[in-house]
Every structure is written in C-alpha cells, then in structure tokens.
Amino acid sequence: MTPRRRPRWHWLLVVALAAPAAADPQGLAHAPRGPWAVEPLIPPVVPQPAVHADWPRGDADRFVLAKLLGDGQPPPPPADPRALARRLSFDLHGLPPAPEAVERFVDAVAAVGLDAAVAALVDDLLASPHYGEHLARAWLDVVRYADSNGFDWDEFRPQAWRYRDYVVRAFNDDKPFDRFVREQLAGDELVAGPPRTPAEQDALLATGYLRLGPHDNAAGLFDEQDRSRAELLADLTETTATAFLGLTFTCCRCHDHKHDPFPQTDHYRLRAFFAAVRFADDLPLDLAPEQELAAGHNRAVDEDLARFEAELALTAEADGPAREALSARIAALRADRRAMLHGLVMTDSRAAPPTHLLLQGDHRQPGDTVEPGIPALFDAGPIAVAAPPNPRTTGRRLALAEWIVSPANPLTPRVTVNRIWLVLHGQALVATPDDFGTAGAPPDDRALLDHLAHRFVADGWSVKRLVRLIVTGAAYRQASRGDADHVGLRRPRRLSAEQVRDALLAVSGLLDDRRGGPPVWPPLPPEVLASNPAFLDDNAEKTKGWYPSPPEALGCRSLYLVQKRNTPVPLLATLDLPDNAVPCGRRTVSTTAPQALALLNGALAADAARALAARVAHEAGADPDSRLDRLFALALQRPPADEERAACRDLLARGALVEVCRALLNSAEFVYVD
Amino acid sequence: MGGAAAARRGWLAGLGPVALAALAAADGRGDDGPAIDPLRPLAPRRPHFTPRATRVIFLFMVGGPSQVDTFDHKPALQALDGQPLPGSLRAAIAGSRFANVLHGCTDRLLASPYRWQRHGQSGTWVSELFPAVARHVDRLCFIHSLQADSNNHAPASYQAHTGDIRAGKASLGAWATYGLGSESAELPGYVVLFDAGPLGGAANYSHGFLPAAFQPTRLRDAGAPLPDLAPPEEFAAGQRDTLDLIRRLGIRHARQRPGLTELDARLASYELAYRMQSSALELGDVEAETPATLRAYGLDHADERTRAFGRKCLLARRLVERGVRFVQLYDMPDKDGWDAHAQLADNHTPRARWTDQPIAALVSDLAARGLLDETLVVWASEFGRTPLVQGNGGRNHNAAGFTVWLAGGGVRPGQRIGATDELGYMAIERPTPFADLHATILAALGLSNDALSYRTAGRDERLTGVAGSATVIPGVLG
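One line per chain: the protein sequences are A and B, in this order.
For what it's worth, numbering that gives the first Met the number 0 labels the leading residue of the first sequence as 0, then goes sequentially.
For what it's worth, numbering that gives the first Met the number 0 labels the leading residue of the second sequence as 0, then goes sequentially.
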C-alpha cells in the first residue's frame, strides 16, 4: 500500500475537517518539498482485503493485513493467552504480570472471548499508575533525562525528579500530547504570575524539558560562559528538532544539511526561539494563595529580623547574655522563614538578544542575524509571535509550540505515533525514530503510519486512545516468531535494562510500590565509590558525591533510581542503558558476557534468587512439584513442561531450590518477551 | 546450537536483531564503515591499509601536566622569570581564539623550577621530572603544538577522547574496536584502567552512539579484575549445575523460536562468562611475572601510588600481549590529577614520581618482548599549563599549546614536531587539533579517519568530524 497523492483541494478539506477554527493554514499555499515525512498528512483510504476479512479488529489492522498479503505473508495466528497477558503487562507497565492476573485472563478468554478479555485487561492496565511509569521511561530517553549536570563534577540536580514525575503524571492522566508539547516548550509562557492551579504548576514544571541537557557549571571560571550558552542553545535546538519533529539539526549547525533541504539558517532560525531563555531556579512554584501566605509571613519575619539585627548591632560586645539571647531569636526567626517550592525550570529574560548565524557553528564567529522561524521548506518567512499569556516572556517558544502542534506540521503526529508503536511492538514503522529525514530509514508501512497519525490528532492527541487502539488489534496480539522479518510480524524481544531489574524485584517479591519523589541511590562497588574525582571532592551542598539510600528504599522501580550522567548504575549500564547526553529514540540491544556475569553473580540477582526461593517455599510448601509450579508461575507465568520438570528435579531433590531460582532468573525466557 | 562452538564467537557474544538491523541499514555503518558480523562483533577485521600498529596503549595524564615543566624546554621562560608577558605575545594570544588562556593568571611569568638536560642521540631536552622516560627519548616522537577547543577539563578531555567537546560521542578505543575488532576471544577488546578516572567521567571513554559491543570494560588492577566474576560464596559449589540448567532451559526456549540468533549468542555468553573466571584471573595474576619485571615496573617502590600505577602499566602489557586492541590507562590517583593551580612543584613532583618509572618500564618491556613494533604508546592530556603564574605559584589551564608524545608501532622515533612560541604559551608551528592526533593514531592502525564512519541520527559520525577536516600529522609515522 503506497500512499496516494491527491489533488490539493482534497487535502484542504481534510485539514479543515481535522482542525477547523484554530488551524493556521501556514504552508498550505505551497506544499513543502523534502523528505517524505514533511509531505501533508492525508489519511489514506482504508484497504479492504478480500481474504482473511475476519482477521482485522479495526482499520489499523486492515492496513497491516494489506501489507502482509501484499508481501505474500499470511496473517499470523493469535498468541497463546498466557503469552499475550505477559506481553501486555511488559509493554504497558514494564513489569511481569502476577500469576493470578494471568490465570484470570486465561479464564476470561474462555468465558467472554479474546476481544472482550483483551479489552478488559487493557482497560485495567491503562488505569494503573504503572502505565505512566513505563511510557514515561521511553519519553525520558528521548529528552535525555538525567539527574545531574555532566562535565567535571556532574553535580546532582535535586529538583530534576519533579520533571520526571510530571511526565509520569502526563501519561497517567492522558494529557493530550499537544498540550504536553506546549507545556514542555513553553509552560512558563502559558502561566501569568504565580500558578493558580495544580495544572498551572505542572505547566511550569514541564519546562524542565528545557533544562535537562548537560551543563558545564565551571565554564565561567575559564571565561567560557559564551561557549556554554552557545551549547545550551544548540542542544535545545537539536533536541527539540529530534524529539518533536524527528529531524536532525546537528548537521546544519555548521553547514547546510548534506541529505535534507535544511540550510544552515534553519538551525539558527529554530535556535532563535530559545534566545531569551534563562534558568529560573528562583521561580516559586507554590500555588498562588500559598505563595501569598508565605510571602506575608516572611515579610513579618523579615521586619522582626531587621529589628533584632539592629538591636544586636547596638548591644555592647561585653554584654554576653543579651547578645546570646538576641542571636538565638535571630536564628529562630531565620528558621521560621518559609521556603518556597522550586524546580528545575526555565523561563525568558524580558527581551531576546539577537540570534546570529554562526560560521562553522563556532560561537566566536558570528554572522548575519536571523529571526525565529520554522524550517524554511514549510515557511521561509519569520514567524508571527503573539503576546503570550505570561507578560514576562517573549512568546517565542509558545509560537514554536503552536506551530509544532498545528495542522501545518505533519511531522509531530507521525513521529509520535511511531515512538508509541515502537514501545508497544518492539520495532518501529520507521526504523530510525529520531530521523525522519532522507538519511533516515524509509517508512516500512507509511499508509499505516499516516492512518494512525491522522487518527491520533483526530482523537484529540490522546496517547491512551492510541495505545488502546494498537494493543487491542490483531497485529498486536499475534504469536511472535523468532524468524520474523516483516513490519507486520512480531519478534520476541529482550527486556530493557529497567525491565530486567524491575522483573527481578517483582517476581521475588522485593519490588515496592513507592512512586515518585526524589531519586533513590543504589549502592556502588567500593572501588567506584572510593575513586571518582567528583565523589572525592564532595561538597557542603551535597551535589558532587554519591549518597546511598537506605536498603529499604532499594526496592523501587528502576525509573526512580538516580541517573547521574557520569556514573550510570552498573547493572543497567551493562544491559544497554543509553547515553543520556543526547536523545535516544531507540535503544540498541546487545548480548554480552558481562551481562551474564551480572545476572549470575551480581548482588541484586543473588538477592532476588534468595528472596524468590523463600517466597516459593512459603507459598508452595515442601512438595517439589508444587514448588516448581509456583516458581514457573511467578517467573515465567506458565506451568513447567515435563522436560523442564525433569531438568529441575535433580537440583530440587538436593534441596537446592535457590539454585533452581537462579537458573530461572537467568533463563532466556525470563528476560525475553514473546 | 552447540554452546562450545558458539562460545568461540568471542567476548561480547553477539548483538540482537535490532542492532543487526542498525548495523545493516540506515542507522549503522555509514558510507564506508566496516561490515560487522552481528554474532561476532569483535571478530578481527581488516584495516583499510597496511597497519603499522595493531594495538594501542593510551596513557592519559588527567588534569593537564605542564608542557613547560616536562618536555617543552623554553630558555626564554627561565630568563624572564617574574617578568610580565611581553606585549607582542599577549596581543597574539588575545587576538586568537585562545584568548581565554590568559584569564585567571597574574601577569608574571613563572620559570620552571626544574633542571633541564639533553638526552639521547637526538639531544632532546627533558626536565628532571622524567629521568626514566628520558632514557627512552630517542624512541619517542613529540608533538609540541597540540590545541584544544576548551580550556576547561571535561570539555577538553571529551575532545581528547572523542573529538567533540560535548559528551555523547564515541571514544578512540571504541572507534578502534569498531574498526578492527579484537584479537582476543576471551578478554574485552577495549579495556580501561584507572583509580579515579578522567575529569568528566565515563563520557570520556564511552562507546557513545556505537553499538554496545564496542563499550569499554573497566578492569580493576587489584583483586578480581572484573566485578561479579565469581558467584557469592553460597552459590559457588552449585555454579556448574546452575549453568547446566540455564543451558537446558535456554536450548528448549531457543528451539521453540528458530531464527532468533541472539538466543544462541546468549547461550554462548554464559559459557564464556564461566570460562572468563579463569582467563580473567590469569590475566590479573601479575605476581606471576618475574621479580625483575615487578621491580622494573615499580611494584616494590616505596611509594604506594607508584606501585598502583606500575600495576596498571604491567596489566596494560599483559593485555596487549593477549591480543586486546585498545588499553586506555589513566594516571588519576586522587581528585586533582596534574591540575596544579597552586604550588606547581607540590603537584607535579610526586605525580612524575608515580608515573615515570612505570611508563619507562612499559616501553622497555614492550621493546624487549618484541611488542613495541606493533604497539602504539601515546602519552597525552586534555591540555597543558600556562607559563604565567596563577595564584600562589601555580599555573592555569592552557589549551593553546601543549605537548604529547607517541612511541612504538610505526612511529618515527626521535622526532619533535610543531612548536610553541618562545615562552611555551601558544602553538605557532603546525598547530595541531586533537582531530589530527586522532587521524594519526587511526592511520597507525591502518584506518582511514574519513572512511571510519557510523551513521546515527541522520548523519555519518566520525572520530575526526566532517570528512576532510583532519589530516594525519606529517612526519609522525615512518
């Protein structure tokens, strides 16, 4: 199924239907030329394959079926219900299902049929807060989330978690994705004065997106603040182009893009949207009434403080007792000042300095000035910047966000739908999720992608509706095949680093339900703790060191582990944690001996094996067969086959339940999902 | 299926289908990058042209040792001690893109507190800091005109390793193993050795965007060389039985999923992990060396830090001897390194003592074993230091001109290439960016820096940036 070109009047009609009043028809007059992904988003005609008509569960499946049939592939049969329950749990929660949930699903399939059973299970999964935690992880990769600055001392960012929790909330609350885009790029521009609602508070926290990149805190010491500023702006430009538009703007930082029609000016036009940004660490985030109360309280305290300090200054040095009494009162008053809530947030300086094109991308070689503008292939003129709700900002970033979510931009729905498909299917419709340019992979099923992208926007940018649409489809529920090599077929995949750790904790009963809040610091091997230059230079503010959390906190999900740029958690790093200096839309998967060592001999894996053995012994009693049934149900969500029973029996007979547990936790099946 | 056959595939037993696709298609090898067998990513690969060296030991002195106190002899600096920087030099620096190397200094030149002497047939000047290395001076090729694009540790250090002052790129060692694989099946291809490591952390020696097969492995120089090498005590006796059960379960699982080759790789990875316990322990058993060798590296030295650095140098030799492609070794026993912002001698004198004898022993030992011809040894840092004084007898960072040296595999010995001005402040003859040093190191390995590319996020990444922007330094390779 190749997309069909239509006369422009048709497209106009579609756009008008999709987004009537607010639509900015910019770019409609001249359809852009460039990579396929910038072509207008026209919903393709839904194919109606004549055979296997009972296979599709909806229109998206009809595209998949047409593609399969077109390539001579029969549609795959559905997966075994246990495998499907396990898959849904890992894909929507990032966690293995409880054995009881799997049994309930198997029963439901028998009772009400596959469609109804899947729909009910999906509703349950989408309603759980674990859903937001899992979807957030993929987005945090894209926006290069970390809890530290990177560079020399890799200072901890004590407030970064508030952005992480915002992302989790956004997915759990099904915040429309267009709103999610606006808030991250320009949440501060949407809020005038102190936030009046939790929603406005969230809009401010969302600007953490603008703060997540590496930051060289020491640049000023060496008179390199200009370099640091130029890097911040380049990073925001390139990350924004990648995360929201699927475009590579790294090349055109220095020269016209080699593969795509992006001249160097495009980079700097995009950069100009960010020209006024400044760190807003001092911006109070408490709700307006609380801010007023606190401000009133602090004013009163400050008056008293001033009085006592003046008095102290006038009290004779010799009068020890009087001085001590005054000092104590002053200290008490200082402690009584109410601290405001702060976050890792960004806002604008009042005015934006001019943005220069930089020769060879070098901030020491400024060229002509440029005005804020979207990629010229869409509109080469300067963008119209309206006054934002917040009078203290320039309105530039909001103007960019409005264009990004407007019907004039076909990239963002395509890019976003592709990212979600990747999370759920393990492979993307466009194999290079961060590059929709001509150097990226061509779409493997463009008609399906465009169908979903159009549907996503028409459904109010609801990610949950998109997810539900995908996972209730026949394409999703198919039985996987080891040799699958077609976009419509599913291959088993290895769990991500976080999923492996979370699964070890979950099946052994060590996972705790703690959600959100400041990150948890796992213990590190002594040679790492004792040797890192930053740790050795630990400071009073407690930002340079490593501060291990108490053991009882270590059962948290991996999402909540601290993510220091220069010191990744070793177990996760071994399992292909991506570099977090730049966006990562798709992780690579490697199979290495150090992974085997970590899962065989590492402390966490050993703890999990011991806990799992204790759990099995407790829940299944002493009978070896009961133990095996329970162990397989917990670890693999299925009963053991006879062959497996036989293989485990010898070890069990010797009383080595924990060895069998270790073997199960190291089995390929444990870390793969079909 | 055969675990034993599969196990021979190597240390990092394989990449998954995702990576396979990545290596084959749009996100992958780039126009001219090497073809990687996803099941044997570290299999030895042919270089682009005849190599002069097959292995690299990169000795990285963290923090910026002073060029004017080590290898860049400046009589004028000695003569002008205490004087202000001459106006012409100040103007030249202030007008260059290195103007900020003047920042933070007092306008008073600081002569080197060290005595200098000519060494070898080449008559090369070396300060008294490096008496043992000085004996090898005819084997070394100095480049006196390196320049970095930042005057701060982490960005300059990232550039020294990855070519870019920003984190997130792939390091030299990762590029070398990507280009060439490794000769060792049971040890990692790219090894990192340090106590405290470089400023800027793991982003220095990272594999960046390259597949994880090319990631570095940090080896410990005392005790078990790798973490998690042996099981916890209580599991030791049952380890073989557990592995057999993992294998039986794995074979059944793989049989039900024909075509998923990464499952074969996974079976192999467990067998390899088991065998590594002995091969890695054997590697780490430096005490098996002769007493003479141990003494030569300083393992009996009175100073504990000389012993620690000596062990790393000795391990480096043992690693390249076993076919490991790239050893990245850091001198960083504490949080400061060579970063002598005050009291230069208090910083530099002990650091030279900790490193001089082990480095000299490494060069001698490699030569004696016939390994030096094929092993490129590089000594470098992120930048040098200012001839002007900073604070109380210190020197500030200096990215405008500093010295590195190379020896061994293919290097023309006894050379001095490039030069700084009369005071050792800024490179004036053959200014050399790190990209040129990188191109030269790759060339010694038989790799073309322009051809060694990897496509990621829509562009062909290279260690040396856009094609055609770096040159192999003339005269370094014979």
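Where hints are given, some of them may not hold.
[As the list claims (entries may be wrong)] Far from chain B by the CB rule (all over 12 Å, computed), these chain A residues:
id	residue
1	Glu102
2	Asn148
3	Asp151
4	Ala386
5	Lys563
6	Pro582
7	Ala608
[As the list claims (entries may be wrong)] Stretches of chain B that chain A covers, calculated by requiring three or more beta carbons in the stretch to come under 8 Å of a beta carbon on chain A:
id	segment
8	87-96
9	325-338
10	400-406
What the hints contain is simulated information worked out from the structure, not anything from laboratory work.
By construction, the Cβ of each residue, glycine as well, lies at the ideal position given by its N, Cα and C atoms.
Cross-check of the supplied hints:
1. Glu102: The claim stands: Glu102 (chain A) keeps its Cβ more than 12 Å from every Cβ of chain B (closest is about 22 Å).
2. Asn148: Violated, because the least Cβ-Cβ distance between Asn148 (chain A) and chain B comes to about 10 Å, which does not exceed 12 Å.
3. Asp151: violated (4 Å)
4. Ala386: holds (35 Å)
5. Lys563: Contrary to the label, Lys563 (chain A) does not stay out of reach of chain B, its closest Cβ about 8 Å off (not over 12 Å).
6. Pro582: Violated: least Cβ distance 8 Å, not greater than 12 Å.
7. Ala608: violated (8 Å)
8. 87-96: It is violated, with 1 qualifying residues against the three required.
9. 325-338: holds (count 5)
10. 400-406: With 0 residues in contact (Cβ-Cβ under 8 Å with chain A), the coverage given for the segment 400-406 of chain B is violated.
In summary, the structure is inconsistent with hints 2, 3, 5, 6, 7, 8 and 10 from the numbered list given earlier, while agreeing with the others.
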